[in-house]
Amino acid sequence: MSKKVAFLQGNEAAAHGALYAGCNFFGGYPITPSTEVAEVMSVELPKIGGKFVQMEDEIGAMAAILGASLAGSKVLTSTSGPGLSLKQELIGYGCIAEIPCVVYNVMRGGPSTGMPTGPSQSDVMAAKWGTHGDHPAICLVPASVQETYEEVIRAFNLSEKYRTPVMVMPDEIVAHMRERIVFPEQGEVEVVSRKSPSVSPEQYKPYDTSFGDVPPLASFGSGYKFHVTGLNKMQDGFPTTKAEIVQAEEERQVRKVEANADDIVTFEEYQLDDADVVVIAYGSTSRSARYAVNAAREQGLKAGMFRIKTFWPFPDKQIKALAGKVKGFIVPEMNLGMCANEVERCAQGKAPIHGIFRVDGEPINPDQILDKMKEVK
Amino acid sequence: MAFDYDKYIRPGKLPHIWCPGCGHGIVMKGLIRAMDTLGLKKENTAIVSGIGCASRLPGYIDCCTLHTAHGRAAAFATGVKLAKPEMNVILCGGDGDGTAIGGNHFIHACRRNIDMTYIIMNNYIYGMTGGQFSPATPTGHKASTTPYGNPDPCFDIAKLAIGAGATFVARGTAFHANQIDKLIVEAIQHKGFSVVEILDDCPTTYGRRNKYKSVIEMMNRLKEVAVPVKAAEKMTAEQLQGKILTGVLYKEEKPEYTAEYAKVIERAQAK
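Protein sequence lines, in the order shown, are assigned to chains B and D.
The first sequence begins at 1 in UniProt numbering and counts up one residue at a time.
The second sequence begins at 1 in UniProt numbering and counts up one residue at a time.
Bear in mind the hints are in silico, worked out from the structure with no lab data behind them.
Note that the Cβ used here is the ideal one computed from N, Cα and C, for glycine as well.
Relax, there's no trap hidden among the hints.
Pairwise CB distance ranges, derived in the manner of DEER restraints:
hint, chain 1, residue 1, chain 2, residue 2, range
1, B, H132, D, M1, 44 to 52 Å
2, B, I48, D, T37, 34 to 42 Å
3, B, P201, D, E266, 29 to 37 Å
4, D, F3, B, D262, 55 to 63 Å
5, B, V189, D, S144, 52 to 60 Å
Just chain B, with the same shape it has in the complex:
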């Protein structure tokens, strides 16, 4: 049987990926350039008995999905820069209360209103440091329409598996480009659901670490009564200020993601075997980088690309290993060096880093990258 094929926009693919992953609740607020996700969900969710709600603001949309997730739904919201800023408070709530949810954020120019229709990659640090306090962060940065579809499914899976908010952050180019997409068959891609409690309601504790770093999560209305708060909490979900409990719980919340980096971090190695000039790129910028690597190879340069697919946790281990082998890294990105700083941290001085930073709303073109390659000696 031939697979279903379509010509879709990145945002539309994201919505269909969410549906494949079992999303049955969407809470949103209109914002350019992500609104198509909400539009598709408003059409598709009621068809499967799911719920779509357009809330009064970005914060309300984030709150609604967290509430719905606690009531057992698989939930999604979509937004862009200013909306991400507004959602940060409750993304932190999702982290501390350990509520699965997916936040799809299209990166546009910023700060503030910035360039609503211009592409950018300047929210990648906000994905990790936007909400206050120490917390885990998972952020996926797809580079094509097909990959956006697949990464949204993976985001749901990771969110359910690790019981934490997961962000998918395409730049505006990926979100709005149209490409061919091949849909997987039902059952072809793994779909993960959160671990439900194996104990009786009387014995249930929502943060019971005897089940590991990711405790099972019951749903409201399923016979289990429990308390959820944004305060630092004990295993039974009730607030505490006891130093040793707060310390242990905070460490566990971060550890459940960081210690599983190998399960979460994904990347693509392109022409890296003998490369001495390596471009580290993500999102639409990686498409220019691939073109530049091909052009450089034709000119006899040993160029390659390390493409980041999972921005958080950052691929520390992989970049550390590469740093010892290459003459230099080139980091093109549509911001003023957010990824480059992370690469510098990982490279530990073993390889120079050459940045190409654009924040003018224009994509980074292959020639810019190729020219920079020639500067690396």
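Let chain B serve as the given structure and place chain D on it in line with the hints.
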């Protein structure tokens, strides 16, 4: 036989955090009696709150309880209710939480007419942070951030709810303890978004700055200013000067949100 509140209180979670003389406990007991009257199943009831003294209430009651972020109770609760319309969803919180930082979520929950009951404990002040003025603090009154008297006009919370589209709005006071559960029962029975404002007292941060000598004086004030809506009908405008109406202030039948969304599903599936 005395009413057994322990059936609804979580073991080991008392004493509560509220100061001596605070009326929040009276409201909590009213809510518990209302739940008991209606026979609400604890495991099928969600109590959702924001931040503040009043928002600590859910932690003491043995239900599905959600203590959210400041002002966000109505938005979280909307998610819970829409995901599981068969659940009873009750919100509670204070005047600052509900009408300042949470004002937008509050008015839109009213507008949607989603079947939930919001109990707002209005003690005219941000108590937990030490007594700053709220949108409910009367003009001219003192708070830690209005040392020369409050220049702001204040909200009439019940009127705000009615104006925003809530289909059941009632007001009681912490003094009229026996009325609280009756108002809450009627609110929960109402199909749509219901608001119960309970005028409350904060002797610690409001009373002492505004020349109330004791909790008794604050409670007496609630007793004196409250006029049941029926009694008010027979009173002149002069007699009603400085009085506050209590009882069911507004009630109407209108399409309820989750029922309307069920129709959206039907229409989508019919295509």
